[in-house]
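As they're listed, the protein sequences go chains A and B. My numbering puts the first residue of the first sequence at 1, with every later residue one more than the last. My numbering puts the first residue of the second sequence at 1, with every later residue one more than the last.
Calculated from the structure, these hints are not laboratory results. Mixed in with the good hints, there may be bad ones.
The list cannot tell twin chains apart, which means a pair is met if one copy fits it or any two copies do.
Result set (DSS-like, lysine-lysine): computed pairs, CA atoms no more than 30 Å apart in a straight line [what the hints assert, rightly or not]:
| # | residue 1 | residue 2 |
| --- | --- | --- |
| 1 | Lys-472 | Lys-13 |
| 2 | Lys-9 | Lys-290 |
| 3 | Lys-290 | Lys-275 |
| 4 | Lys-428 | Lys-442 |
| 5 | Lys-38 | Lys-350 |
| 6 | Lys-420 | Lys-13 |
| 7 | Lys-472 | Lys-265 |
| 8 | Lys-472 | Lys-9 |
| 9 | Lys-290 | Lys-350 |
| 10 | Lys-290 | Lys-431 |
| 11 | Lys-428 | Lys-275 |
| 12 | Lys-472 | Lys-428 |
| 13 | Lys-428 | Lys-350 |
| 14 | Lys-38 | Lys-431 |
| 15 | Lys-290 | Lys-265 |
| 16 | Lys-472 | Lys-184 |
| 17 | Lys-38 | Lys-119 |
| 18 | Lys-13 | Lys-428 |
| 19 | Lys-38 | Lys-13 |
None of the values given here were measured: they were computed from a predicted structure.
2 protein chains.
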Amino acid sequence: MFEALETGKRLDKATFDARELVLREQLLQYQFRLVDHKVPTIIVVAGVDGAGKGSLVHQLNTWMDPRGIETNALWMHSDEEESRPYYWRYWRCLPRRGEIGVFLGSWYTRLIRERLEDKTDAARQARRLAQINDFERLLCADGYLIVKLWLHVSSETQHLQLTEEAPRQQQNPRIEADASAWQKVYPQVLQCAQEVILASDTAHAPWHLVEADDRNYREIACGEILLEAMRGHLEQPRPPAAEPLPALADTSGGQPTVLDRVDSKASLAKEDYRKLLPQCQARLQDLAWKAHRQRRSFVAVFEGWDAAGKGSAIRRVTGAVDPRLYHLAQYAAPTDEELDHHYLWRFWRKIQRDGRATLFDRSWYGRVLVERVEGFATNAQWQRAYNEINQFEAQLLEHGTVLCKFWIHISSQEQLARFKARENTPHKRYKITDDDWRNRDKWRDYELAVEDMVAHTSTSLAPWTLVAGNDKHYARIQILETLCQALEQALD
Amino acid sequence: MFEALETGKRLDKATFDARELVLREQLLQYQFRLVDHKVPTIIVVAGVDGAGKGSLVHQLNTWMDPRGIETNALWMHSDEEESRPYYWRYWRCLPRRGEIGVFLGSWYTRLIRERLEDKTDAARQARRLAQINDFERLLCADGYLIVKLWLHVSSETQHLQLTEEAPRQQQNPRIEADASAWQKVYPQVLQCAQEVILASDTAHAPWHLVEADDRNYREIACGEILLEAMRGHLEQPRPPAAEPLPALADTSGGQPTVLDRVDSKASLAKEDYRKLLPQCQARLQDLAWKAHRQRRSFVAVFEGWDAAGKGSAIRRVTGAVDPRLYHLAQYAAPTDEELDHHYLWRFWRKIQRDGRATLFDRSWYGRVLVERVEGFATNAQWQRAYNEINQFEAQLLEHGTVLCKFWIHISSQEQLARFKARENTPHKRYKITDDDWRNRDKWRDYELAVEDMVAHTSTSLAPWTLVAGNDKHYARIQILETLCQALEQALD
Numbered sequence: 001m002f003e004a005l006e007t008g009k010r011l012d013k014a015t016f017d018a019r020e021l022v023l024r025e026q027l028l029q030y031q032f033r034l035v036d037h038k039v040p041t042i043i044v045v046a047g048v049d050g051a052g053k054g055s056l057v058h059q060l061n062t063w064m065d066p067r068g069i070e071t072n073a074l075w076m077h078s079d080e081e082e083s084r085p086y087y088w089r090y091w092r093c094l095p096r097r098g099e100i101g102v103f104l105g106s107w108y109t110r111l112i113r114e115r116l117e118d119k120t121d122a123a124r125q126a127r128r129l130a131q132i133n134d135f136e137r138l139l140c141a142d143g144y145l146i147v148k149l150w151l152h153v154s155s156e157t158q159h160l161q162l163t164e165e166a167p168r169q170q171q172n173p174r175i176e177a178d179a180s181a182w183q184k185v186y187p188q189v190l191q192c193a194q195e196v197i198l199a200s201d202t203a204h205a206p207w208h209l210v211e212a213d214d215r216n217y218r219e220i221a222c223g224e225i226l227l228e229a230m231r232g233h234l235e236q237p238r239p240p241a242a243e244p245l246p247a248l249a250d251t252s253g254g255q256p257t258v259l260d261r262v263d264s265k266a267s268l269a270k271e272d273y274r275k276l277l278p279q280c281q282a283r284l285q286d287l288a289w290k291a292h293r294q295r296r297s298f299v300a301v302f303e304g305w306d307a308a309g310k311g312s313a314i315r316r317v318t319g320a321v322d323p324r325l326y327h328l329a330q331y332a333a334p335t336d337e338e339l340d341h342h343y344l345w346r347f348w349r350k351i352q353r354d355g356r357a358t359l360f361d362r363s364w365y366g367r368v369l370v371e372r373v374e375g376f377a378t379n380a381q382w383q384r385a386y387n388e389i390n391q392f393e394a395q396l397l398e399h400g401t402v403l404c405k406f407w408i409h410i411s412s413q414e415q416l417a418r419f420k421a422r423e424n425t426p427h428k429r430y431k432i433t434d435d436d437w438r439n440r441d442k443w444r445d446y447e448l449a450v451e452d453m454v455a456h457t458s459t460s461l462a463p464w465t466l467v468a469g470n471d472k473h474y475a476r477i478q479i480l481e482t483l484c485q486a487l488e489q490a491l492d
Numbered sequence: 001m002f003e004a005l006e007t008g009k010r011l012d013k014a015t016f017d018a019r020e021l022v023l024r025e026q027l028l029q030y031q032f033r034l035v036d037h038k039v040p041t042i043i044v045v046a047g048v049d050g051a052g053k054g055s056l057v058h059q060l061n062t063w064m065d066p067r068g069i070e071t072n073a074l075w076m077h078s079d080e081e082e083s084r085p086y087y088w089r090y091w092r093c094l095p096r097r098g099e100i101g102v103f104l105g106s107w108y109t110r111l112i113r114e115r116l117e118d119k120t121d122a123a124r125q126a127r128r129l130a131q132i133n134d135f136e137r138l139l140c141a142d143g144y145l146i147v148k149l150w151l152h153v154s155s156e157t158q159h160l161q162l163t164e165e166a167p168r169q170q171q172n173p174r175i176e177a178d179a180s181a182w183q184k185v186y187p188q189v190l191q192c193a194q195e196v197i198l199a200s201d202t203a204h205a206p207w208h209l210v211e212a213d214d215r216n217y218r219e220i221a222c223g224e225i226l227l228e229a230m231r232g233h234l235e236q237p238r239p240p241a242a243e244p245l246p247a248l249a250d251t252s253g254g255q256p257t258v259l260d261r262v263d264s265k266a267s268l269a270k271e272d273y274r275k276l277l278p279q280c281q282a283r284l285q286d287l288a289w290k291a292h293r294q295r296r297s298f299v300a301v302f303e304g305w306d307a308a309g310k311g312s313a314i315r316r317v318t319g320a321v322d323p324r325l326y327h328l329a330q331y332a333a334p335t336d337e338e339l340d341h342h343y344l345w346r347f348w349r350k351i352q353r354d355g356r357a358t359l360f361d362r363s364w365y366g367r368v369l370v371e372r373v374e375g376f377a378t379n380a381q382w383q384r385a386y387n388e389i390n391q392f393e394a395q396l397l398e399h400g401t402v403l404c405k406f407w408i409h410i411s412s413q414e415q416l417a418r419f420k421a422r423e424n425t426p427h428k429r430y431k432i433t434d435d436d437w438r439n440r441d442k443w444r445d446y447e448l449a450v451e452d453m454v455a456h457t458s459t460s461l462a463p464w465t466l467v468a469g470n471d472k473h474y475a476r477i478q479i480l481e482t483l484c485q486a487l488e489q490a491l492d
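Just chain A, with the same shape it has in the complex:
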């Protein structure tokens, strides 16, 4: 693979200048067109050490308007990064729509490092690759343009670079470690890079291999590749911005759904509740501290009908967990910064460190519930969300997070009764809005959405718990019990 990149390609100064003049103007033009189209762009700059990745990044910043470019150098990791799922570090620096994120050090780094340090096996390697491809596919589906550059230099050039023997203006400014160490692993790096590149060279995010011995050549080549990618992205046929959503016809003909299997009569006598609640809470309290000591995080998702008792159930959970140990993330309409990112970004940014809990009062499932039913998401968007969600949760689990998902179910009659009761209680009146009444009319649509959600996302590792909510006491104990059991199973 890399032999083809040692052919001695170079550009003299005059040719460089001439091509740069054209390239520069065009890059700028396309940068602004991408801003107009609100396209977020990701440029991955990878390659062997000494290949001039840093100087390429300088050059791109010079050619384009740096006001829309953010360079992310992820080469050293903080403990905040290490103590969250691996991709958290990338999610937190994804570019906004219309901006360009340059990544020096990327989601490829770990895979290659693990290989070089011989800390992996075929199965893990395959999983990492699948994650990379999933991540890139998810971004592309959301309109991201991903340009991946691999800079190759020959072993001799690398040696010159790392020993500072290269001509001045070609020099690699970062001479940290023993050059001979790099030289020794050069063949392994190439072998490993080849496998990774082949496995991640997808139609939506292809690799571009660039011969990098000559600085002039490599910079013009990369600039032109980028330009071509921008142009191609803007010219590709795209679906209309707001795909009209057909009214959701109920083709189910009143068939039962998975929700009908929830026992609407399940209940708990008040005296039993009074006895069980403090027991469950004490158990959860101990488990939360135990999880903290073992540096395990846990995530609980709370979804359910309006007035199903999400808030009061969450309070029974938070009432048991030391406030130092949990973070409650609550979701209403997204902010403009949130809208300018992939919809999962607003959830990633709230994931807590190891040893702490994150409770989600409404969650990423909004995409396939309210956004689907109300038409805030296009069909394509919510349909691919099942897969995106499963991958997201798989990452949490892989990191060692304990995950519980609750749908609190109440019957339509019960909801009506609660709405009326809320209107009559001063400190509860604020909880009921016109939206709640409107949503009741879409009961069946939501029912079908829940059924699809459970079908697509209740996996063996991350199952949904459908909570029988007509009796609040019963529901709360069921939730606390489920959480405790999940933690007990997971902790040593």
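Using the hints provided, position chain B relative to the given structure of chain A.
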């Protein structure tokens, strides 16, 4: 001080229930009124260990709508926090306008800890206290409501709590360490707390001392204090939202300003520039790596007239620094999340870790430049900004950050010439907008704003460098030289 808090105050269940009923409804009402008025609220929950701080936080979340409350438990510090100026950790979790941030562990923690560990002296203690008061004053001036609660329990109650001998529903869930250790420091904690409370009990952010032995009493008392504070905040006379800004009359009668002292003829021959540039850049490159090894961060602020050459000067700096070592933060119009915080928040969030550089292309000085001249900030806002900025920079310096501030000055004629040249160069045309032409009409207003800015914020530790920018080569070398000297002086 604390003897008055050991009087045996308690509430029986019936009284608690009766007062809770009223309190709860009112708290909610006022919470929503604060949302309507976009008032951000900060609740500091402090007190000796075992005083029930955690359970109070639970209670507040139960009484009010938890959707608008974020609890921040800052009790363990991450390396990302430790490697940035101390207040960074608080800035990043300040509540947005209309929301409530509860702080368990706050800007008081360090001061008290240092005292207990005997790691401080009178001078440092005084500085810490001044920082606390500055921070709170700055927030209050921006419309924040700050409620500070100190929960006191007697030594005996603390003992019961920490040894789990308290009645069940009174228990402190967090029994971590040896209870006797806490008991031993109890007198010192009180002594220290007393001093801190006295010194930070300000009119805008007073302390509320609460006897906390009885859970019923302490929770009702704190709830009522909070309610009173909310009510008081809403009833206080406030300046009209958008204070009309009088046209800036030029009372200076064409007097010279500090900018007239910049040598408009300073220049550098092209051959000298060609020789000096790589020298300066190599020097800066080495210094940036040295700073990294010594874990020192540096911050450079770039301000100047439109077309003064900020962008190209910054590129000469970034061209010298490895992209892994710097972050370029660029500022245009704020996002809605940014508008919903104090104006300094958007700068705090970009401050990089120890060992890295943050370059600001436009900065917090926008408040006293463009926002002042264009009337985006009220008189009161920009006038108090000088002080806020000086305090902010003092924190950077205290943390060990090397700070350089550049105003790149060009003459009005030079600007005109550059505007015209930009219009004639394809890849520079994007840099010139109608706004730039409009701003030229306000040249004198900006000149006066710059003069005031320099007068107020050029301190001995954080001086402004007024760069002679008519000759771009001269300006770039001056900037690189200044940065290098500042780093050389600061590094070992």
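Hint check:
1. Within a single copy, Lys-472 and Lys-13 get their C-alpha atoms only as close as 76 Å, which misses the 30 Å cut-off; across copies the closest is 24 Å, which meets it.
2. In this assembly of identical chains, Lys-9 and Lys-290 lie within 30 Å of each other by CA distance neither inside one copy nor across copies; the values are 60 Å within and 35 Å between.
3. Proximity of Lys-290 and Lys-275 under a CA criterion of 30 Å is satisfied intra-copy only: 23 Å inside one chain copy versus 63 Å between copies.
4. When the C-alpha separation of Lys-428 and Lys-442 is checked against a cutoff of 30 Å, the pair qualifies only within one copy, where the shortest distance is 23 Å, while the shortest distance between copies is 54 Å.
5. In this assembly of identical chains, the alpha carbons of Lys-38 and Lys-350 lie at most 30 Å apart whether taken from the same copy (25 Å) or from different copies (23 Å).
6. Taking CA atoms no more than 30 Å apart as the test, Lys-420 paired with Lys-13 passes between copies only; the shortest distance there is 29 Å, against 79 Å inside one copy.
7. Proximity of Lys-472 and Lys-265 under a CA criterion of 30 Å is satisfied intra-copy only: 11 Å inside one chain copy versus 80 Å between copies.
8. In this assembly of identical chains, the alpha carbons of Lys-472 and Lys-9 never lie at most 30 Å apart, being 73 Å within a copy and 35 Å across copies at closest.
9. Proximity of Lys-290 and Lys-350 under a CA criterion of 30 Å is satisfied intra-copy only: 22 Å inside one chain copy versus 35 Å between copies.
10. Within a single copy, Lys-290 and Lys-431 get their C-alpha atoms no closer than 35 Å, and across copies no closer than 57 Å, so neither meets the 30 Å cut-off.
11. Proximity of Lys-428 and Lys-275 under a CA criterion of 30 Å is satisfied intra-copy only: 26 Å inside one chain copy versus 74 Å between copies.
12. In this homomeric assembly, Lys-472 and Lys-428 come within 30 Å of each other (Cα to Cα) only inside a single copy, at 16 Å, whereas the closest approach across copies is 65 Å.
13. When the C-alpha separation of Lys-428 and Lys-350 is checked against a cutoff of 30 Å, the pair qualifies only within one copy, where the shortest distance is 28 Å, while the shortest distance between copies is 40 Å.
14. Taking CA atoms no more than 30 Å apart as the test, Lys-38 paired with Lys-431 passes between copies only; the shortest distance there is 19 Å, against 36 Å inside one copy.
15. Proximity of Lys-290 and Lys-265 under a CA criterion of 30 Å is satisfied in neither setting, with 35 Å inside one chain copy and 70 Å between copies.
16. Proximity of Lys-472 and Lys-184 under a CA criterion of 30 Å is satisfied in neither setting, with 65 Å inside one chain copy and 45 Å between copies.
17. Proximity of Lys-38 to Lys-119 under the C-alpha cut-off of 30 Å is found in neither arrangement, the shortest distances being 40 Å within a copy and 52 Å between copies.
18. With identical chains, the CA atoms of Lys-13 and Lys-428 are at most 30 Å apart between copies only, with a shortest distance of 22 Å across copies and 74 Å within one.
19. With identical chains, the CA atoms of Lys-38 and Lys-13 are never at most 30 Å apart, being 36 Å at best within one copy and 59 Å at best between copies.
Of the numbered hints listed earlier, those contradicted by the structure are 2, 8, 10, 15, 16, 17, 19.
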